[in-house]
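Participant: Listed here are the chains, written in short residue letters.
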Amino acid sequence: QKEVEQDPGPLSVPEGAIVSLNCTYSNSAFQYFMWYRQYSRKGPELLMYTYSSGNKEDGRFTAQVDKSSKYISLFIRDSQPSDSATYLCAMRGSSASKIIFGSGTRLSIRP
Amino acid sequence: GAVVSQHPSRVICKSGTSVKIECRSLDFQATTMFWYRQFPKQSLMLMATSNEGSKATYEQGVEKDKFLINHASLTLSTLTVTSAHPEDSSFYICSAPRGGDEQYFGPGTRLTVT
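Here the protein sequences come in this chain order: A and B. The first sequence begins at 1 in our numbering and counts up one residue at a time. The second sequence begins at 1001 in our numbering and counts up one residue at a time.
Some but not every residue of chain B turned toward chain A, in silico, with C-beta under 10 Å: (1) 1049; (2) 1059; (3) 1110.
No farther apart than 27 Å at their CA atoms in a straight line, the calculated lysine-lysine pairs in the BS3-like style are these: (4) B:1064 - B:1020; (5) B:1014 - A:42; (6) A:98 - A:42; (7) A:67 - A:56; (8) A:98 - A:67; (9) B:1066 - B:1014; (10) B:1020 - A:42; (11) A:98 - A:56; (12) A:98 - B:1020; (13) B:1064 - A:2; (14) A:56 - A:70; (15) B:1020 - B:1055; (16) B:1041 - A:98; (17) A:42 - B:1066; (18) A:2 - A:70; (19) B:1064 - A:42; (20) B:1055 - A:98; (21) A:98 - B:1066; (22) A:42 - B:1041; (23) A:98 - A:2; (24) B:1064 - B:1041; (25) B:1014 - B:1041; (26) A:70 - B:1041; (27) B:1064 - A:98; (28) B:1066 - B:1041; (29) A:2 - A:42; (30) A:70 - A:98; (31) A:67 - A:2; (32) B:1064 - B:1014; (33) B:1066 - B:1055; (34) B:1020 - B:1041; (35) A:2 - B:1041; (36) A:42 - A:56; (37) A:56 - A:2; (38) B:1020 - B:1066.
These are computed hints drawn from the structure, not numbers from a lab. For each residue, glycine too, the CB sits at the ideal point set by N, CA and C.
One chain only, chain B, in its complex shape (with noise of 0.2 Å):
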């Protein structure tokens, strides 16, 4: 079954408002998430490392005023869209890792900004 899940799985929202996207680790906790974005027919890109207890880890090109994140507790962190645009527009997608080494995704969340 699932071992992270994520909530909503796809929402659309108006140009200018903020959309909050949660991912939880299923019966494991998680002090590291990684969220991730996928355009249509591309690979994953990771956008940042989300730290429990401690801020986030941006990748290079991600603004971290825009996508706030959040790793509320050990088994929950949230990425806020904030400002949303049309560009922003795409299939967000959290992980963790659990047990050693492997890391599990969620079923991803569809925004789409009109």
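Only chain A is shown next, with the shape it has when bound in the complex (with noise of 0.2 Å):
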């Protein structure tokens, strides 16, 4: 089993919708949780980064850990066609710890 599972996708939505983004995880000494996007042969861009469980809005975008369930979130709202990347999610325990990244799910937004 792996650490972080993420759904691989292709997700693909039309304008204006809101998407939901997933990871799941099996280490509960993760702390540290992130999402980030990547375009097509770019290096990732930090969108969200949060501690411990809880909520955390920053414009279009709410990430949520729930680490009773070890299962994290990304919402896009009012999702637009420049949000078609590939989404990261990322974790780790302490700041000295490596971070482990999901896979990335694919996202396509439909004019």
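Build the complex: two chains, separate frames, hints provided.
Facilitator: What follows is the structure, encoded as structure tokens:
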């Protein structure tokens, strides 16, 4: 079993829809949770960074962490074609431990 | 704007030659940087942790003599792919933590070995 599981997609939704991306994990030591967006042939861009359980909102993006269920989500409201990219969840334990990435979900927003 | 840069963005080299990739933190110091490799449509695989002033720490299965890492200063880490072969063709990405614990990634370097 992988430490972090993420549905690879592809996921295709119409413009304006709410997108829900999810990851599950098995290591209860994970404390820091991130979402990255990666466009084709580019480096990952940090979208959201959260510590422990709870919600965090930034513009059209909301990250949720449920440590009891070992489940994290990223919601994108009013999705735009420019949101089409691969979204990677990532997590780690202490600040010194390495980051474990999900496999990434390919998202396509149809105009 | 970008907080981590990489150079070159793309490189093509002949089999058997060596290639150096630079990773720089912009406007901040990074005692630790990370090097990843990414194959098409796959996630990032951590290759090694670059430590300023000491030896790099390599992940299991990564050949340290083939992928030489030098953390020359608090803003620069280099990855040298020695005696490159076609199977080394990949997308190489570095990252560095800034401020708290947030990792910022460089734009990546696409290596093609012919």
